[in-house]
Every structure is written in structure tokens, then in C-alpha cells.
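Engineer: Protein sequences, first through last, are from chains A and B. Those letters in the first sequence? Residues 1 to 123, by this note's numbering. Those letters in the second sequence? Residues 1 to 123, by this note's numbering.
In short, the hints are calculated from the structure, not lab data. Built from N, CA and C at the ideal position, the CB exists for glycine as well.
With a straight-line cut-off of 20 Å between C-alpha atoms, the simulated SDA-like cross-links for lysine to any residue are:
| no. | chain 1 | residue 1 | chain 2 | residue 2 |
| --- | --- | --- | --- | --- |
| 1 | A | K113 | B | R15 |
| 2 | A | K113 | B | P69 |
| 3 | A | K119 | B | G25 |
| 4 | B | K101 | A | Q104 |
| 5 | A | K119 | B | A67 |
| 6 | A | K113 | B | K101 |
| 7 | A | K60 | B | K119 |
| 8 | B | K119 | A | F66 |
| 9 | A | K113 | B | A29 |
| 10 | B | K119 | A | H18 |
| 11 | B | K101 | A | R13 |
| 12 | B | K113 | A | R64 |
| 13 | A | K101 | B | E11 |
| 14 | B | K113 | A | R91 |
Cβ-to-Cβ under 7 Å is the rule here; a few derived chain A residues that face chain B:
| no. | residue |
| --- | --- |
| 15 | R15 |
| 16 | L16 |
| 17 | F66 |
| 18 | T107 |
| 19 | K113 |
Protein chains: 2
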Amino acid sequence: MAEKLQKVLVEPRIRLNHGRGFSFGPGKAELLEFIDCTGSISGAAKAMGMSYMRAWSIVKSLDRDFAEPLVLKTRGGRVRGGATLSETGRRVVSLYREMEKASQTATREAGEKLNELLKARAK
Amino acid sequence: MAEKLQKVLVEPRIRLNHGRGFSFGPGKAELLEFIDCTGSISGAAKAMGMSYMRAWSIVKSLDRDFAEPLVLKTRGGRVRGGATLSETGRRVVSLYREMEKASQTATREAGEKLNELLKARAK
Numbered sequence: 001m002a003e004k005l006q007k008v009l010v011e012p013r014i015r016l017n018h019g020r021g022f023s024f025g026p027g028k029a030e031l032l033e034f035i036d037c038t039g040s041i042s043g044a045a046k047a048m049g050m051s052y053m054r055a056w057s058i059v060k061s062l063d064r065d066f067a068e069p070l071v072l073k074t075r076g077g078r079v080r081g082g083a084t085l086s087e088t089g090r091r092v093v094s095l096y097r098e099m100e101k102a103s104q105t106a107t108r109e110a111g112e113k114l115n116e117l118l119k120a121r122a123k
Numbered sequence: 001m002a003e004k005l006q007k008v009l010v011e012p013r014i015r016l017n018h019g020r021g022f023s024f025g026p027g028k029a030e031l032l033e034f035i036d037c038t039g040s041i042s043g044a045a046k047a048m049g050m051s052y053m054r055a056w057s058i059v060k061s062l063d064r065d066f067a068e069p070l071v072l073k074t075r076g077g078r079v080r081g082g083a084t085l086s087e088t089g090r091r092v093v094s095l096y097r098e099m100e101k102a103s104q105t106a107t108r109e110a111g112e113k114l115n116e117l118l119k120a121r122a123k
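So that you can see chain A by itself, here it is in the shape it has in the complex (with noise of 0.2 Å):
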């Protein structure tokens, strides 16, 4: 029996630069989703093995590029309070993974022929 042979995985990572001043890339994006799914700062650094202190300054530094702050502090019982994802927040998010998507339609075909160049491998 043939084996199905796998396709290489394209992969695009977006990045946002701005001199040496602004870069938003897939870290930053992903921090912003779990914040939004977790409801807080130190969940989400949690969740992505990186320290309170670093995921508050990245936090900072998104309020220091962006006309409207990102994440929304709330009020609450827990510990270092709760956060949310102001509007802008989410919208920054959709409009970097629709950056993606549109990435990985684009380059699906010419990725495709480098696919044909590799040596068969087995899945």
C-alpha cells in the first residue's frame, strides 16, 4: 500500500515594523488572545510561560503605538484585577490573522511548487 505522502506546511508569520520604534508580530497577537480568553494580564502570561512583568510591559508598550489603548483593565475580585479587550483590541487581532490568512491563500500555489521539489517523504 502507498503511503499518502504530507505536504510541507507554508507557514507566514506577519510582522509589523516601524522603524526601530513599533513592531507587532505573532507574539503580540497571541498575548492579546489570551488575554482575551483567560480575562486577565497574568492569566494569559500564564498561559504563555512568560513572566507577569514582561507580559504587563508588552501590555504598555501596545498602549504607547496604538491611538486607543488595547486591553481594558477591569475591576474584580482577582488578584492584579481582570482585563478584557477594548474593541480596537479585537479588531487589531482579527486584522493581523486576516493578514494571515490572506498570506497563506496567496502563497498556497507557489508553495505548492516548491512542494513538487522536495524529495517524497513519507508521512
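For chain A, the structure is supplied; the task is to place chain B on it using the hints.
Structural biologist: Quick look at chain B alone, frame taken from chain A:
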């Protein structure tokens, strides 16, 4: 006089993966281009600030991954001999750069929307 605002640069980095065994991204594409440009693996290594051994081992890994060699050794008077890209090598680089361009085009619209959410920045 109003200063012109500089737009954020969208940089898609395309990486092709296959489990743990295979990865092709910007570094390998650049190495191939430098081999083409300098006419040798050692010249490419020097241009990229990497050791000859490292460049050589990357070329070896490409030989394992692709059905045909991407780099051809040429005989000549140079220390360690010269090298040139095979037709397949040129095609791989060209497909890779094509994927980058396609990704840039495909992400432009969402990138501009994201740009509008940033604080205005002087050039």
C-alpha cells in the same frame, strides 16, 4: 509645514515546515542568493557573517531535502572551490521570493487598516 507620516512596514516572513525534519525560510533563501552572487559557499558565508562550516552544513541539509541539488560545486582556482546554483536552486529562490511578494500584496489592505489604528508618527 505638516510632516509626512511614515507608514508601518508589513514584513511577511515565509517559512516552509515539515514536522521537525525540514524547514526553509528567509535565512536559507538568502544563503542561496549569496552563493549565486559571490560564486562560492565561502563567499556567501562571509557575506552573511556565518562560518564556512555552518553554510556548508546548510547546503548539505538542502541536498537531503530537495530531490535535486540546489548548489553545484564548480572546479576552479578558488580556495575550497566555487559554487553556483543549479536550475532547481534558482527555481527554489524564485518561488520563495514570489511567495513573499504575493504575501505582501495580499496583506496590504488589512495592513493599511491596522496602520490607521496606530498613533500618528512623524517620519
